[in-house]
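Fit chain B to the supplied structure of chain A, relying on the hints for placement.
Chains as they are written, first to last, in the numbering used here: chain A, 18 to 469; chain B, 90 to 716.
Bear in mind the hints are in silico, worked out from the structure with no lab data behind them.
For clarity, every value in this text was computed on a predicted model and none was experimentally measured.
Misleading hints may appear alongside valid ones.
[To be verified] Taking lysine to aspartate or glutamate and the EDC-like style, the derived pairs with C-alpha atoms no more than 20 Å apart in a straight line are:
{"#": "1", "chain 1": "A", "residue 1": "K139", "chain 2": "B", "residue 2": "E315"}
{"#": "2", "chain 1": "B", "residue 1": "K681", "chain 2": "B", "residue 2": "E655"}
{"#": "3", "chain 1": "B", "residue 1": "K329", "chain 2": "B", "residue 2": "E315"}
{"#": "4", "chain 1": "B", "residue 1": "K450", "chain 2": "B", "residue 2": "D664"}
{"#": "5", "chain 1": "B", "residue 1": "K653", "chain 2": "A", "residue 2": "E447"}
{"#": "6", "chain 1": "B", "residue 1": "K666", "chain 2": "A", "residue 2": "E41"}
{"#": "7", "chain 1": "A", "residue 1": "K132", "chain 2": "B", "residue 2": "E674"}
{"#": "8", "chain 1": "A", "residue 1": "K420", "chain 2": "A", "residue 2": "D180"}
{"#": "9", "chain 1": "B", "residue 1": "K669", "chain 2": "A", "residue 2": "E41"}
{"#": "10", "chain 1": "A", "residue 1": "K420", "chain 2": "B", "residue 2": "D664"}
{"#": "11", "chain 1": "B", "residue 1": "K202", "chain 2": "B", "residue 2": "D268"}
{"#": "12", "chain 1": "B", "residue 1": "K643", "chain 2": "A", "residue 2": "D80"}
{"#": "13", "chain 1": "B", "residue 1": "K419", "chain 2": "A", "residue 2": "E198"}
{"#": "14", "chain 1": "B", "residue 1": "K380", "chain 2": "A", "residue 2": "E41"}
[Unchecked claim] Far from chain B, by Cβ distances over 12 Å, these chain A residues were calculated:
{"#": "15", "residue": "G106"}
{"#": "16", "residue": "I107"}
{"#": "17", "residue": "A119"}
{"#": "18", "residue": "K177"}
{"#": "19", "residue": "V189"}
{"#": "20", "residue": "D194"}
{"#": "21", "residue": "P244"}
{"#": "22", "residue": "G343"}
{"#": "23", "residue": "P362"}
{"#": "24", "residue": "A382"}
Where a beta carbon is used, it is the ideal one built from N, C-alpha and C, also for glycine.
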Amino acid sequence: MRTVAAISTPYGKGGVAVIRISGEAAVRIASKVFMPKSGIGLDDIPSNTAVYGSFFDSDGIFDDGIVTLFRAPKSYTGEDTAELSCHGGILVTKKLLCAAIAAGADYAEAGEFTKRAFINGKITLSQAEAVGGIIDAKNEKHLAVSLLQSKGALSARIKKLSDSLAYLAASVYAYIDYPDEDLRDIGTEEMKSRLMAIRDDITRLAQTHRYGQAISEGINTVIVGKPNTGKSSVLNSLIGYDRAIVTDIAGTTRDIVTEQIRLGDLIHNLSDTAGIRESDDVIESIGINKSRQAIGDAELVLAVFDGSKPLDDYDMEILNQIRRSGKESCTICMLNKSDLGLVVPSLPFGRQIVFSAAVGIGRDALESTIGDLFGEGDVSSLGEIIVGARQYAALTRAEAAVKNALTSLDGFTQDIAGMDVEEAIACLGELDGRTASEQVVNEIFTHFCVGK
Amino acid sequence: MNHTVYKAEEFDIIVVGAGHAGIEAALAAARMGQSAALFTLTLDLIGNMPCNPSIGGTGKGQLVFEIDALGGEMGRAADSVMLQSRMLNLSKGPAVHSLRMQADRRKYQDYMKALIENTPNLSLIQAEVTGIAVADNSVTGIYTAFGAFYSSKAVIIATGTSLSGRIIVGEEAYAAGPDNTVAATRLSDSLVNAGVKLTRFKTGTPPRIHGDSVDFHLLEEQPGDEDPTMFSTDTSRANKMSCYIAYTNEETHRVIRENLHRSPLFSGDIKGTGPRYCPSIEDKIVRFADKERHQLFIEPMGENTKEMYIQGFSSSLPEEVQKKAVRTIKGLERVVFMRTAYAIEYDCCDPTQLLPTLEFKRINGLYGAGQFNGSSGYEEAAAQGLVAGINASLKIKGKEPLILLRSESYIGTLIDDLVTKGTSEPYRIMTSRSEYRLLLRQDNAKVRLIEKGREAGLVGERAYNEYKATQNILESEIKRLRSETIPCTTELNRLLSGYGYEEINFGIRKAELLKRPLIKIEDIYSLEENTPDIPQSVKKRVEIEIKYEGYIKKQLAEVERFRKLEEKRLPPDIDYKIIKGIRIEAAQKLDKIRPESIGQASRISGISPADISVLLIYLAQYKRREP
Chain A
18 MRTVAAISTP
28 YGKGGVAVIR
38 ISGEAAVRIA
48 SKVFMPKSGI
58 GLDDIPSNTA
68 VYGSFFDSDG
78 IFDDGIVTLF
88 RAPKSYTGED
98 TAELSCHGGI
108 LVTKKLLCAA
118 IAAGADYAEA
128 GEFTKRAFIN
138 GKITLSQAEA
148 VGGIIDAKNE
158 KHLAVSLLQS
168 KGALSARIKK
178 LSDSLAYLAA
188 SVYAYIDYPD
198 EDLRDIGTEE
208 MKSRLMAIRD
218 DITRLAQTHR
228 YGQAISEGIN
238 TVIVGKPNTG
248 KSSVLNSLIG
258 YDRAIVTDIA
268 GTTRDIVTEQ
278 IRLGDLIHNL
288 SDTAGIRESD
298 DVIESIGINK
308 SRQAIGDAEL
318 VLAVFDGSKP
328 LDDYDMEILN
338 QIRRSGKESC
348 TICMLNKSDL
358 GLVVPSLPFG
368 RQIVFSAAVG
378 IGRDALESTI
388 GDLFGEGDVS
398 SLGEIIVGAR
408 QYAALTRAEA
418 AVKNALTSLD
428 GFTQDIAGMD
438 VEEAIACLGE
448 LDGRTASEQV
458 VNEIFTHFCV
468 GK
Chain B
90 MNHTVYKAEE
100 FDIIVVGAGH
110 AGIEAALAAA
120 RMGQSAALFT
130 LTLDLIGNMP
140 CNPSIGGTGK
150 GQLVFEIDAL
160 GGEMGRAADS
170 VMLQSRMLNL
180 SKGPAVHSLR
190 MQADRRKYQD
200 YMKALIENTP
210 NLSLIQAEVT
220 GIAVADNSVT
230 GIYTAFGAFY
240 SSKAVIIATG
250 TSLSGRIIVG
260 EEAYAAGPDN
270 TVAATRLSDS
280 LVNAGVKLTR
290 FKTGTPPRIH
300 GDSVDFHLLE
310 EQPGDEDPTM
320 FSTDTSRANK
330 MSCYIAYTNE
340 ETHRVIRENL
350 HRSPLFSGDI
360 KGTGPRYCPS
370 IEDKIVRFAD
380 KERHQLFIEP
390 MGENTKEMYI
400 QGFSSSLPEE
410 VQKKAVRTIK
420 GLERVVFMRT
430 AYAIEYDCCD
440 PTQLLPTLEF
450 KRINGLYGAG
460 QFNGSSGYEE
470 AAAQGLVAGI
480 NASLKIKGKE
490 PLILLRSESY
500 IGTLIDDLVT
510 KGTSEPYRIM
520 TSRSEYRLLL
530 RQDNAKVRLI
540 EKGREAGLVG
550 ERAYNEYKAT
560 QNILESEIKR
570 LRSETIPCTT
580 ELNRLLSGYG
590 YEEINFGIRK
600 AELLKRPLIK
610 IEDIYSLEEN
620 TPDIPQSVKK
630 RVEIEIKYEG
640 YIKKQLAEVE
650 RFRKLEEKRL
660 PPDIDYKIIK
670 GIRIEAAQKL
680 DKIRPESIGQ
690 ASRISGISPA
700 DISVLLIYLA
710 QYKRREP
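Same shape as in the complex, but just chain A (with noise of 0.2 Å):
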């Protein structure tokens, strides 16, 4: 395998810069442009050892700094590692790493270094996701979340619920395969009581997605009402106390320009249409359709109604989209400008909040209100949130084959559930990047007694 290196801290100023090398030409190469101050060879320096020296190429010494070594396997990677740590101007940095390219190292690729730590059995998928999670984090709890996923604590969690799936797996074929072994026979009331639990633990785990997401990618809020309801009254108390607009995605579906804005550890991915600018009328300007597909499309609406006013056809039409859409769970219906007289008494459906942007009524109520919704919640371990799709999706599929299971152990025989068992397993392992079937067979020999 060829030996990489790449500048592993940002680019540009700073004081120091890590130019990582991995692979099994690593101190090799790192000795073709490092001297050591002691005269010692990078050889016959111990592991997860610094050395103080300085930085060479065809042209002389250019800088002076320090090199690490950590051989494999215990390095991130888990091959022999160099980590080269020079001064951080643009051009020494460079300069360094074309050095080490000229003394044999390959330029390494995007998330090079993480791909080889999961290769070499180092870190499972869902700790190299985390790695990622790591250092693309908006947000301090993204940040932990990642920082403890990066340790295994999700692969730990996903481990033992597999765990269970194969001892029931497990069981069940051993007793097929050994009927004269008088096993136990676990019955079926067993199956379903051990299955009911895994399924609901899976549920809790998928559950803490819409947290997960809420802190990593945003979810995406439509704040819709008809024109002069205080919609961008609204918008402002999102983030007034906390303006901090994280970046500006040009949407690639539809060509609307989406906002990110965080608030506390949440995200908000605010569309145009939700009526970021007054002005912008979602019912009239861009139609009854568009409105629908904004309201279709978000995770969070926020609808605005002037609770001084009696509702009309506009607001009623407005509740009959979300409703139609199947939001009413995720919506917060804000009766605005409650300092003018409250006459609209309760609405259909929604959470509720009696608002005024004007004299600053709700506004807590409103922020603990999404945070029933999408905070921490139930979450009992930071290190055990769903943050991506793609574990979200497997999550799902597992949980759709335990709920099969179930139904298969309703008239149908325990080994049939037991495909669907399987089948599930091989979803929990999709998410970790593990596979199932031999992990059947091994169990059967940890758990039973079995003969000829």
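Below, chain B alone, put in the same frame as chain A:
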């Protein structure tokens, strides 16, 4: 090697060993028109069952049906000497119903010997094969202990436990094959010299006791099924003998524990790796110390003998301890020993040296089959023997090899596991080894495999036509039940409510009704006025195909995914060491196994999904380079 070697006869295919693997291999070769010779150490123990006198069992039953569908002999032989037939796991789904048949051991041997003697193109020869001849990486024949050289185009090694066999009973050990036959002591060296990597495995046998000394009334009788199922024919035969169930107890365990130091398994005298699947009794007691009792199975050995096996009590303890331990068991207190249990160590090959055709990758024309390939069990052996025999013949004829897939057979699963993953202990087939259990049932073995057997020339016209006729009945019946509707009648609703289902006020298609878990096909027929006359076995199959349709479809979708990866062929000349981004360890494993497809590569233990993605990228680039 002898000083003088004479040139004996020439054959197309030579099979070394006349156990269950060798018999199938030799019969297949001869039936496919090759001149074949079957060598055995003793003509008196052809097709011997030294372990226990039954054919089939979980997973194994499926193998026998598959062997039968391909035109092999095991099923027919078992049927003709059946003592008792029992379908296992009937309380479970159809995927795991497995037939086990007690066979008359002596009659089985006679059946096979007579058959071989009467098969054209096939010579049966008693001699110890002492070496293989290899020139230019191709096998050219074999040497025997009496100084003969027999030349051949292919050699199939099916030496079972006889290859450098060593029997161990307590402190006593000596060179021998199963049942005190002579061991083949010289062939191992010759194989090693030819470049074959050998390893050492161990297995065991139980004691044999005199039937008159067993108090059967104290044991649980296990008769055969009321309506016995056969492997090869629809014509049922009557059960002749019963088996009996006994249990070990605390006292048995105490006797064994106190004498463990005298067991060669624990003293270190046995070096070979034993099977987890059929551990010796001392092994079971050590490893599963909290189990209060172990079930034993007293099996008859035949109609003309009083000898019986104590299945589940295989042991290498000294004879004295064996007797003491067995006599603690209820019903066996005054038992008379006829043969002492023994452990046997033997040489076998690392099966990852083999192609899926069972030919050695590095030696043209040399094949391995049965226990020599690291498996355990008669059925596993017969299945491999059949595949090796067919492939050796096809190769000589210049035809495409027969490679059975995991998705279509247990035989394919067994061989793929062996050649792809290798095995660190004697390998036994199990239903849990297959990802496609619901498709690989006993009842549809012919649907899956008969065409292949016919193509190879092993399935006769009559058997094939019978199959076709049955298949037509099956298909038209399924079609009928799918298209016909049962009107909404009081009878229908009485049936539904009888099973606890809600009554309906509309008609329902018969197949839809049958899909409800509790409804049986007989229920449907009871509501009909004109039911076509259909054999019972076909009815069962119709029921399975309809009732489990949803699951079957799911597995078929998995098979589709599996096939896509199998179809991604890896070029035979691929150099894994130069592939960018592949781990050294993975490259070494891939280079050793040399998988034929991405699918096979993904099943090699230690190859990670990441390695596979690297391989897929490489394959895409490789294809782009090739015009």
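Hints, one by one, checked against the model:
As the CA atoms of K139 (chain A) and E315 (chain B) are separated by approximately 58 Å, the hinted pair breaks the 20 Å bound. Pair hint K681 (chain B) plus E655 (chain B) holds up; C-alpha atoms about 19 Å apart against a cutoff of 20 Å. A threshold of 20 Å between alpha carbons decides the hint, and for K329 (chain B) with E315 (chain B) the separation of about 12 Å falls inside it, so the pair holds. Between the alpha carbons of K450 (chain B) and D664 (chain B) the distance comes to roughly 16 Å, so the proposed pair stays at or under 20 Å and holds.
Between K653 (chain B) and E447 (chain A) the alpha-carbon distance is near 18 Å, which keeps this suggested pair within the 20 Å criterion. Annotation: proposed proximity of K666 (chain B) to E41 (chain A) holds, straight-line Cα distance about 14 Å (limit 20 Å). Annotation: proposed proximity of K132 (chain A) to E674 (chain B) holds, straight-line Cα distance about 16 Å (limit 20 Å). A C-alpha spacing of about 17 Å is found between K420 (chain A) and D180 (chain A), which places the hinted pair at or below 20 Å, so the restraint holds.
Taking the CA atoms of K669 (chain B) and E41 (chain A), the gap is near 13 Å; set against the 20 Å cutoff, the hint holds. In summary, the hint linking K420 (chain A) to D664 (chain B) is not supported, as the alpha carbons are separated by about 45 Å, beyond the 20 Å threshold. For the given pair, K202 (chain B) sits about 18 Å from D268 (chain B) by alpha-carbon distance, which is consistent with the 20 Å threshold. For a cut-off of 20 Å, the pair hint linking K643 (chain B) to D80 (chain A) is broken: about 63 Å separates their Cα positions.
Restraint check for K419 (chain B) and E198 (chain A): the C-alpha separation of about 18 Å stays at or below 20 Å, so the hint holds. For a cut-off of 20 Å, the pair hint linking K380 (chain B) to E41 (chain A) is broken: about 51 Å separates their Cα positions. The claim that G106 (chain A) is not at the interface with chain B holds, since no C-beta of that chain comes within 12 Å of its own (minimum 32 Å). At roughly 29 Å, the least C-beta separation between I107 (chain A) and chain B is larger than 12 Å, which holds for a residue marked as non-interface.
With 12 Å as the threshold on Cβ separation, the claim that A119 (chain A) sits away from chain B holds: the shortest Cβ distance comes to roughly 20 Å. With 12 Å as the threshold on Cβ separation, the claim that K177 (chain A) sits away from chain B holds: the shortest Cβ distance comes to roughly 21 Å. Remark: the non-interface label on V189 (chain A) conflicts with the geometry, its nearest Cβ contact in chain B lying 8 Å away (cut-off 12 Å). A Cβ of chain B approaches the Cβ of D194 (chain A) within 12 Å, the least distance being about 4 Å, so the stated non-interface status is violated.
The non-interface label for P244 (chain A) is consistent with chain B: the shortest C-beta to C-beta separation is roughly 52 Å, beyond 12 Å. Separation of G343 (chain A) from chain B is adequate, the least Cβ-Cβ distance of about 28 Å exceeding the 12 Å criterion. Under the 12 Å C-beta cut-off, the non-interface status given to P362 (chain A) relative to chain B holds; the minimum distance is some 42 Å. Every beta carbon of chain B lies more than 12 Å from that of A382 (chain A), the smallest distance being close to 47 Å; the non-interface claim holds.
Comparing the model with each earlier hint shows violations of hints 1, 10, 12, 14, 19 and 20; every other hint is respected.
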